[in-house]
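**Q** Chains as they are written, first to last, in the working numbering: chain X, 1 to 490; chain E, 1 to 490; chain R, 1 to 490; chain W, 1 to 490.
Bear in mind the hints are in silico, worked out from the structure with no lab data behind them. Do not rely on the hints blindly, as some may be mistaken.
[To be verified] One side only, chain X facing chain E, incomplete, derived with CB under 10 Å:
# : residue
1 : R33
2 : T102
3 : R182
4 : A468
5 : A475
[To be verified] Below, a list of computed lysine-lysine pairs in the DSS-like style, where the Cα atoms sit at most 27 Å apart:
#  : chain 1 : residue 1 : chain 2 : residue 2
6  : R       : K417      : X       : K417
7  : W       : K417      : E       : K24
8  : X       : K164      : R       : K417
9  : X       : K417      : R       : K24
10 : E       : K164      : W       : K24
11 : E       : K417      : W       : K24
12 : W       : K164      : E       : K417
13 : X       : K24       : R       : K24
Ideal placement from N, C-alpha and C gives every residue a C-beta, glycine not left out.
Protein chains: 4
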Amino acid sequence: MTPESAELRIENGADYIESLRGRKLNVFLFGERIDEPVDHPIIRPSINAVAETYDLAAAEPELATAVSSLTGERVNRFLHITESADDVVAQNRMQRKLGQLTGTCFQRCVGMDAVNSLFTVTHHIDADRGTTYHDRFREFLTGVQRQNLVLGGAMTDVKGDRSKGPAEQADPDLFVHVVERREDGVVIRGAKAHQTGCINSHWILVMPTLRLTEADRDYAVVVAIPVDAEGLTYIYGRQSCDTRAMEGGAGIDVGNATYSGQEAMLIIDDVFVPWERVFMDGEVNFAAELVERFTTYHRRSYVCKTGVGDVLIGAAALIADYNGVERASHIRDKLVEMTHLNETIYGAGMAASHESVETPAGNFEPDPMLANVCKHNVTRFPYEIGRLAQDLAGGLVTTLPSEMDWNHPELGPLLDKYLQGREGVPTEDRMRVLRLIENMTMGRNAVGYLTESMHGAGSPQAQRIQIARVMDVEAKKGFAKRLAGIEDDA
Amino acid sequence: MTPESAELRIENGADYIESLRGRKLNVFLFGERIDEPVDHPIIRPSINAVAETYDLAAAEPELATAVSSLTGERVNRFLHITESADDVVAQNRMQRKLGQLTGTCFQRCVGMDAVNSLFTVTHHIDADRGTTYHDRFREFLTGVQRQNLVLGGAMTDVKGDRSKGPAEQADPDLFVHVVERREDGVVIRGAKAHQTGCINSHWILVMPTLRLTEADRDYAVVVAIPVDAEGLTYIYGRQSCDTRAMEGGAGIDVGNATYSGQEAMLIIDDVFVPWERVFMDGEVNFAAELVERFTTYHRRSYVCKTGVGDVLIGAAALIADYNGVERASHIRDKLVEMTHLNETIYGAGMAASHESVETPAGNFEPDPMLANVCKHNVTRFPYEIGRLAQDLAGGLVTTLPSEMDWNHPELGPLLDKYLQGREGVPTEDRMRVLRLIENMTMGRNAVGYLTESMHGAGSPQAQRIQIARVMDVEAKKGFAKRLAGIEDDA
Amino acid sequence: MTPESAELRIENGADYIESLRGRKLNVFLFGERIDEPVDHPIIRPSINAVAETYDLAAAEPELATAVSSLTGERVNRFLHITESADDVVAQNRMQRKLGQLTGTCFQRCVGMDAVNSLFTVTHHIDADRGTTYHDRFREFLTGVQRQNLVLGGAMTDVKGDRSKGPAEQADPDLFVHVVERREDGVVIRGAKAHQTGCINSHWILVMPTLRLTEADRDYAVVVAIPVDAEGLTYIYGRQSCDTRAMEGGAGIDVGNATYSGQEAMLIIDDVFVPWERVFMDGEVNFAAELVERFTTYHRRSYVCKTGVGDVLIGAAALIADYNGVERASHIRDKLVEMTHLNETIYGAGMAASHESVETPAGNFEPDPMLANVCKHNVTRFPYEIGRLAQDLAGGLVTTLPSEMDWNHPELGPLLDKYLQGREGVPTEDRMRVLRLIENMTMGRNAVGYLTESMHGAGSPQAQRIQIARVMDVEAKKGFAKRLAGIEDDA
Amino acid sequence: MTPESAELRIENGADYIESLRGRKLNVFLFGERIDEPVDHPIIRPSINAVAETYDLAAAEPELATAVSSLTGERVNRFLHITESADDVVAQNRMQRKLGQLTGTCFQRCVGMDAVNSLFTVTHHIDADRGTTYHDRFREFLTGVQRQNLVLGGAMTDVKGDRSKGPAEQADPDLFVHVVERREDGVVIRGAKAHQTGCINSHWILVMPTLRLTEADRDYAVVVAIPVDAEGLTYIYGRQSCDTRAMEGGAGIDVGNATYSGQEAMLIIDDVFVPWERVFMDGEVNFAAELVERFTTYHRRSYVCKTGVGDVLIGAAALIADYNGVERASHIRDKLVEMTHLNETIYGAGMAASHESVETPAGNFEPDPMLANVCKHNVTRFPYEIGRLAQDLAGGLVTTLPSEMDWNHPELGPLLDKYLQGREGVPTEDRMRVLRLIENMTMGRNAVGYLTESMHGAGSPQAQRIQIARVMDVEAKKGFAKRLAGIEDDA
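Using the sequences provided together with the hints, build the complete structure.
**A** Have a look at this one:
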């Protein structure tokens, strides 16, 4: 059933998973076409993580849903246009909870932050240019809310030579652009890198990735396309330890057998989009605004990593407990340090959300300084938390024999005997928590907890540029001048 | 005019300064009794800083005042009992602003945080023990609000041997305690160390400093005493570079000629307190609660340091500008780093305040985890911001000749010639900003920006203990177990 | 050919690899017995790394060999007893070079450091107890030098409940111990965890892992056993991404196709050792000395990681170059920071070696403070260097499609088009360097570069304990007292 | 007696102090001319610190003297041309010892490092240009060694607009330059900022401060001038808390009553220098080489700060002891961290010295990478060590009443009562160690321990530039390419 079939209405995680079956997608993994991603052991955990966002909405509607002004009904918070600062804060609470539940990236924040920033930007373009993007966008979003679909956001172009802009590249396709304008719509081409959860979505919002100049007019394009649109190809990104999911067994070696993130490359080969799903076309001046508004939401969305951090802190405490050393002062102290760093991220993110202000379009947007500060800490602290988790884990976290050894009739008992920790703790439990720590610090979910923390929503330097922009150094100089007794000549 | 004379009603900074004249205080500085502290060049800047809290209330009432339920009138926010999370947040905004205006400690946060925590704790004691402390306290506070006085909080005992409790000390007076109970009140004795702004206050709330045991019954005492009560002695703490204020001149060498903090030792030598100003007497179980509630408020009050940080960042940007290097990429990058650290503190503090919850007494109290995280970052980041400020300042920040050399008829022109920076910048301005940076990183206001950031509201280890208490490691272990596939036996 | 056959004499890497064939070892990997480890795609890279130590000796004899007093001939430096501080320093130079050549752990340092510490300790035991361990040990080592074999060191017991000593464990076998003393030798039992390169060795020196008490007499045992001794079982530790080595292809996805480390669990099930290979038996007082001397050597051996760091810094510079951003100031600055941290490690290690002093046995031993400081920095800086490498790499380091996609007839050209970086750089080269960075920060060699840096030669807390022991705080107090004008009552 | 009078021969500290009497120097402090600096309470401690370098030479000749090839006699190590790597290492040992003895900057390293770098550079100029600077310099130095004088080095110009070179400045005098060339010598003009110990020297070596271009020919000048040369003016730099030395008393409040550093501005107003003391004149290409060679020596000379660090660690341990908490695990742990950081500095410095190589002139020069790494850590770690010292000190370090209060007949006993720490510790001792910590972290010697650590021998960015120069990123790229399987096209 395609997202365009209006009968589709997803109620929970199981519905959602079912909705992904039978789609005709060009998905490739390890050089092979995957007919039914939902059944593939490497892909399925990423789908489970998204499914959790539906089940949480059912279980805790206050947390994970909101009443939408568009539909008048309760909708999944990931699709909701924020109508108050509390709505923005509630996103952070929901994100932390889902991080705790999945221990990985649940993939829906890009879409959530994209709809909110597009809500404002389309409104702004219309006000400035007399276009009708905002109404088109509201209509589109209303439908998505009604059907309760997953909406992905595709921003990061593959970029080619980073020292050149879109129109300057040797190959014009290195940034997504309009290659044809027809009466009924536009045709776009290009590719988007590291697309979080794209295959698990129903719709994708394609957006420009950076500030554009007049020369880049064809690159200033925002559209919504269904995931199964003709011309789309998805190439699955390979992740550390991904093939362990194909080894079967009791799921010990995978560390986190149920959940994972998803990153794929999306190739857009002349995809047609009807005008009603085009939300920007050529308004180059608004590309930077869109990126800035989007990243303001998205950089404080990385509060999700504090939920993942909670899991890793818990795992570290657990292995210390299993090793019999939880009461040692240096162990306690490291758990406190991990928590302090984790909550420091949370603090900046929550403050950004609490300090949200209303935009001219009527939705609420976080504080840009604090949002960038939040994300900038996310590019540092999870690595340190991960380092401390490995410290508490002990060397076994990377030298543990495999699950197959554990299942071997002669080796199993030997391992059981020699991998004992504190009395009363089953050796298998000790192995399981060690594998979880491996999973989160070097294995599959380290991709989400570490590398995505570094580069998602913009690499560290992007935040520094933004902090420099909003830090108002002139006001600060003024404070200093006044106290130093320097006459202000300004 | 004593605070007890009900006619006193302070309207602004000038009134406030006037209110301090003519009091009979036992104040000592450098071994001499100071008859009129308000006229002493070392003390006056600390009074100016407090005066700023009055002037801000007049200039920006939305920011620095609130309508009190106790009086029904608009009162200074430093005396206000928080009636919403927004009230708690507003404290942080006011604190940052005052940090920007004074570049130092303005001394009124202890009192503000003390009244809020006592408001709750007296309510709790009454509920539990049938006492009437809460009403007494409301009455007392109502009067203070009406008169618009400065209320200090005296918590930190001198403590003696840190490995022993109050009742175990060789000398029982090393913690403040009740030495006599009369029909009309109690008599207390002891000493409080590093009392911020005590001499600049009208009233002081004396409180216990740590968790007490049954043996410590006489130490479980909370009272309000007027600053000019008989039996009180104040010994001024000496601060780095304090005597520069006595050198006269154009105020270059002092760095910040107008404002400073104040720390003094308060010796309580058998001071009588009538029952109506006793708010705890012997309820040892509530000492820890009071300390915890107080520090929850007070640890996020250190957001004030982000205002001071703004000044220092501005000063660093200014000297870079004067040196002709403001555009160098490494200079820009250091200013960004300083700002990032400063805003990280702000984020945790603001989040703590926004997340305030109502207490049974009806006032609002910040989130304890985030409050502790805020303060813990304050024990680290100002030192790093200070280090970076010294980096940008160049070595001259500590090798600059004195203001007297600058005023010398022959040396002055030589210095003017040889201390030129970028063309068009007066050499005196360059000297002034260097002295401001010295003031904030090594001089008088480094006491407030650095050492007080370390120890005020509790030393680093105190926050770590509190973080450990509220981090709920068992819940985190639960998250890890679920994802690792470990059966929960709890 | 077993190590005991005196005809064996290894001349180079090829000889060495050949020497491993045809041995009867109980090696298990993924629950299967591996008959010929040398031919297994997962194991072979670890053997190649060791082979490099032979080839370097041939190529640069000044660096990687030394003339031994035992044999009078030039021997591989990994088997050499240090005869001067220069000899100790030369170890560090060789280690850095091998790190640069292999990008991973080359596994021979434990053996090198074990022979040097045993050389001293056996000498000390003999002097104290009248035993003849030292001569036995010299004779054994002379043979090993002549044959030019690989000598491993087995120290880390599996330890069970970390809060209990060997004799207190529920199962006495959780630390290796003597279970029988016969006329001709001893029988030992137990298991050693994370044994670096054990399968690639010819002999293993079994040693106690911690300070022992009188109750632990049977645990105070040092012996040499051949790797193919009856009763030994090796269970290969599984490493992040290990199975990629089995996928075949052009070796892109493995990142470093040629080299890897090796960690296995060694189970000792009643292995007999003749007296001539017993170098400690029951002298519990010397266990701590052995551990301390060994870790003094071994903690500065982690200078090897600076060679690995050189590779990672080079890889980060390469990807920046391929992305077209190598000249950006923040990129340059991060490369400088990575180098600064890397050289800081090198500094402490080299200083420790240069400051070596002669032991009573005549060999030279590094400075314990600086050796511990070196290793302690190794538990921190490689993680930060790895974080910065991921920063420079960009998100593609963890979202890159697989080598199989690259080889696919239709996907390959698409990837070639869309994964272009700077003009003139082959896309495959860009993929290769990204996979190398993945390999070193999350993949197989991250085990050696990160987790082994944390726990090898003792976890961070072990260094802190040792630093506390040698920091001579009393002398430092004396300096302070003198300057503060405090009379010294000592 | 002037340094030119050949009869002068200094044997010890007392002689040295005597040698400073009766000189006609233009020294200004606080706008007043100081006739006899040796008797001024603010200046004297800086002279005592230099005197300690003489007394150490007498007490420990192996450490602090060496046999000079120039004189054939034993000379003070500060005047010695290094003749081996051991000589370079011995400088570091001596520096650490003097740091421990004085707790501050003893001011002679600049001269020591200047003579060694000039020894090489004059040799190089002569070889290249056929000049005779090297012989002139040897002769000059021989005389200085015979008389055993203090030789200062004046490098840092006042620099004006940092974005412009010497010849581009609005005022040509902002860098020292030749204003006249006569038959018998040159006349120079300009000013040098923050001149360490200049007033306490006998001779000053004036050198250029940065890379010069052809346009800067008159700035490429190196000369030796006697400290009492006509035309020199010294303006004393003011330091945090400097006037406490004038308060008299028992020296409690000064923290370190005996020793301090010295920084002054040196104004050179048309000073004539005869040719025999000119060691460079116009050879612009060698200015950069001189700076680079000088900083290579001087950046690892900052090992002196580890001696000062030892004092501060000792002081922190002492106050913890006096407070009764030395055994608390977090206290112990902070002392370990301080030590670890301190020894990390030492490691890099010592490694740089041990790795010294012979120059074409025959003296030995440290490794430039490690020397820069040493200094770069010095710009970071002392600030962190200082922060931790303040943590252990408690708030009293900045709120302690003054020594005058302690001496007051009524306040003294009150303070004695209330500032008690652990039983048996005199309150005065507790005050003394607190004042020492204040002195080193905010007071007078914080100038040397912190700010000079930041900027002396070049600010942080100077080291980063130098590290970038010597890090050989191309070799590192080569290592990465080889392991990634990338063909090297170079």
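**Q** At a threshold of 10 Å, is the proposed contact between T102 of chain X and chain E supported by beta-carbon distances?
**A** 8 Å, holds
**Q** Are the Cα atoms of K417 of chain R and K417 of chain X separated by 27 Å or less?
**A** Given pair K417 of chain R, K417 of chain X is violated - Cα atoms ~54 Å apart, limit 27 Å.
**Q** When the nearest CB of chain E is found for R182 of chain X, is that gap smaller than 10 Å?
**A** 46 Å, violated
**Q** Starting from K417 of chain W, check that the Cα of K24 of chain E is at most 27 Å away, please.
**A** Holds: K417 of chain W and K24 of chain E sit about 25 Å apart, inside 27 Å.
**Q** Given the hinted pair K417 of chain X and K24 of chain R, is their Cα-Cα distance within 27 Å?
**A** Measuring from Cα to Cα gives roughly 25 Å; hence the hint holds.
**Q** Between K24 of chain X and K24 of chain R, is the straight-line Cα distance small enough, at 27 Å or below?
**A** 53 Å, violated
**Q** For the pair supplied as a hint, K417 of chain E and K24 of chain W, is the alpha-carbon distance within the 27 Å limit?
**A** 25 Å, holds
**Q** Classify the hint on A475 of chain X as holds or violated, based on whether any CB of chain E lies nearer than 10 Å to its CB.
**A** Given a least distance of 8 Å, the restraint on A475 of chain X holds.
**Q** Mind checking the alpha carbons of K164 of chain E and K24 of chain W for me, to see if they're no more than 27 Å apart?
**A** 60 Å, violated
**Q** Let me know if the C-beta of R33 of chain X comes in closer than 10 Å to any C-beta of chain E, holds or violated.
**A** With Cβ-Cβ at 31 Å, over 10 Å, it is violated.
**Q** Does K417 of chain R sit within 27 Å of K164 of chain X, going by the straight-line distance between their CA atoms?
**A** Holds, because 16 Å separates the two Cα atoms, which is no more than 27 Å.
**Q** Classify the hint on A468 of chain X as holds or violated, based on whether any CB of chain E lies nearer than 10 Å to its CB.
**A** 5 Å, holds
Comparing the model with each numbered hint stated earlier shows that hints 1, 3, 6, 10, 13 do not hold.
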